[in-house]
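S.K.: Whole structure, please, built from the sequences with the hints as guidance.
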Amino acid sequence: MQRPHPLVLAALILTACEGQGSSAEAAGAPAGAASPAATATASAGDGSAEATATADTDGARDVDVENDLYLFEYSWPGAAGRIPGLRDELDKRMSDARTELAARAEEERKYAAENDFPYRKHSSGTAWQVVTDMPGWLSLSAEGYTFSGGAHGMTFFDTLLWDKEANRLREPVSLFSSPVDLRETIRPAFCDLLDKERAKRRGGVVDRGSGTFNECIDPVDSTVILGSSNGRTFDRIGVLVGPYAAGPYAEGTYEITLPVTRDIIDAVKPAYRDSFSIRR
Numbered sequence: 001m002q003r004p005h006p007l008v009l010a011a012l013i014l015t016a017c018e019g020q021g022s023s024a025e026a027a028g029a030p031a032g033a034a035s036p037a038a039t040a041t042a043s044a045g046d047g048s049a050e051a052t053a054t055a056d057t058d059g060a061r062d063v064d065v066e067n068d069l070y071l072f073e074y075s076w077p078g079a080a081g082r083i084p085g086l087r088d089e090l091d092k093r094m095s096d097a098r099t100e101l102a103a104r105a106e107e108e109r110k111y112a113a114e115n116d117f118p119y120r121k122h123s124s125g126t127a128w129q130v131v132t133d134m135p136g137w138l139s140l141s142a143e144g145y146t147f148s149g150g151a152h153g154m155t156f157f158d159t160l161l162w163d164k165e166a167n168r169l170r171e172p173v174s175l176f177s178s179p180v181d182l183r184e185t186i187r188p189a190f191c192d193l194l195d196k197e198r199a200k201r202r203g204g205v206v207d208r209g210s211g212t213f214n215e216c217i218d219p220v221d222s223t224v225i226l227g228s229s230n231g232r233t234f235d236r237i238g239v240l241v242g243p244y245a246a247g248p249y250a251e252g253t254y255e256i257t258l259p260v261t262r263d264i265i266d267a268v269k270p271a272y273r274d275s276f277s278i279r280r
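In the UniProt record's numbering, the protein residues as written are 1 to 280.
The set of hints was computed from the structure by calculation and includes no laboratory data. In this text, all values refer to a predicted model and were calculated from it rather than measured experimentally. Check before you lean on any hint, since a few could be wrong.
[To be verified] Within a straight-line C-alpha distance of at most 20 Å, the following computed SDA-like cross-link-like pairs (lysine to any residue) qualify: (1) Lys121 - Asn67; (2) Lys200 - Ala189; (3) Lys164 - Lys269; (4) Lys200 - Glu255; (5) Lys92 - Ala102.
[What the hints assert, rightly or not] DEER-style ranges, computed between Cβ atoms: (6) Tyr249 - Gly59: 32 to 42 Å; (7) Ala112 - Lys196: 38 to 48 Å; (8) Pro188 - Phe117: 47 to 57 Å; (9) Ala55 - Thr99: 16 to 26 Å; (10) Arg262 - Gly59: 29 to 39 Å; (11) Val180 - Gly203: 30 to 40 Å; (12) Arg202 - Asp91: 37 to 47 Å.
All C-beta atoms in this analysis are idealised placements derived from N, C-alpha and C, irrespective of residue type, glycine included.
M.R.: This is the structure:
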């Protein structure tokens, strides 16, 4: 389902306020102080209106773009934006996501015109948030959505793990001996918790042998995130399961959290074991 969006109204208000000075200036804030910035523009290429709002505050960024073709939203927190290498990666991902959305939407609009049916505006949104910010690591997760003109949109998940000491990205699963070792270690507990959540939503016990959407799925095929309850070490693992992976679309998504155990630490590569602890 395409979400309503107040961006055009906000853009008109912002435009009307031009020339009156920013709130920071009115309050006598020093030059260069971090403050949100927003713009509204009109595309001269094809005459269609485009509203763009961008807020940048202390590393955080929130971008909204809406035109006749698509709605695009992308954001990340200050903790990520204050790390230059990670900010560059997020900038690239944002640019790639918008380019892909625009190309896909233009192709669909052309196809709709050629086949005489109405074009439904496409949309894409990604919101990054901090899972945990530890002395050696910054763990992020993202929940996003896409709408491509069909019956409904689709939710998706993503993750980024920044190694502060090495100043580089790492895949969460790469901290373990192998994806197979991680899967075999967490799968029993993961599937038990998943079945409990399925049973709550379905109102009955799940029989894993009864067919599609009842089987025990591979947790490593979903989005694996690393979290911390103590702010010093990873002591929990999250598995973010998208639509259709563990149940029908109507059931939505699943978020399963597992405590780190001795068996899990044994599956971690020796170089990273000091970054993990058993959840007490």
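S.K.: Are the hints correct? Go through all of them and say.
M.R.: Verification of the supplied hints:
1. Lys121 - Asn67: It holds: about 9 Å lies between the C-alpha atoms, which stays within 20 Å.
2. Lys200 - Ala189: This hinted pair holds, its Cα atoms lying about 17 Å apart.
3. Lys164 - Lys269: With Cα atoms ~18 Å apart, Lys164 and Lys269 stay inside 20 Å; holds.
4. Lys200 - Glu255: 14 Å, holds
5. Lys92 - Ala102: 15 Å, holds
6. Tyr249 - Gly59: 32 to 42 Å: Given range 32 to 42 Å: holds, Cβ gap about 36 Å.
7. Ala112 - Lys196: 38 to 48 Å: 44 Å, holds
8. Pro188 - Phe117: 47 to 57 Å: Roughly 49 Å apart at Cβ, these two residues keep to the hinted range, so it holds.
9. Ala55 - Thr99: 16 to 26 Å: 22 Å, holds
10. Arg262 - Gly59: 29 to 39 Å: 37 Å, holds
11. Val180 - Gly203: 30 to 40 Å: 35 Å, holds
12. Arg202 - Asp91: 37 to 47 Å: Holds: the Cβ-Cβ distance is about 42 Å, inside 37 to 47 Å.
Against the hints set out earlier in the document, no violation occurs for any number.
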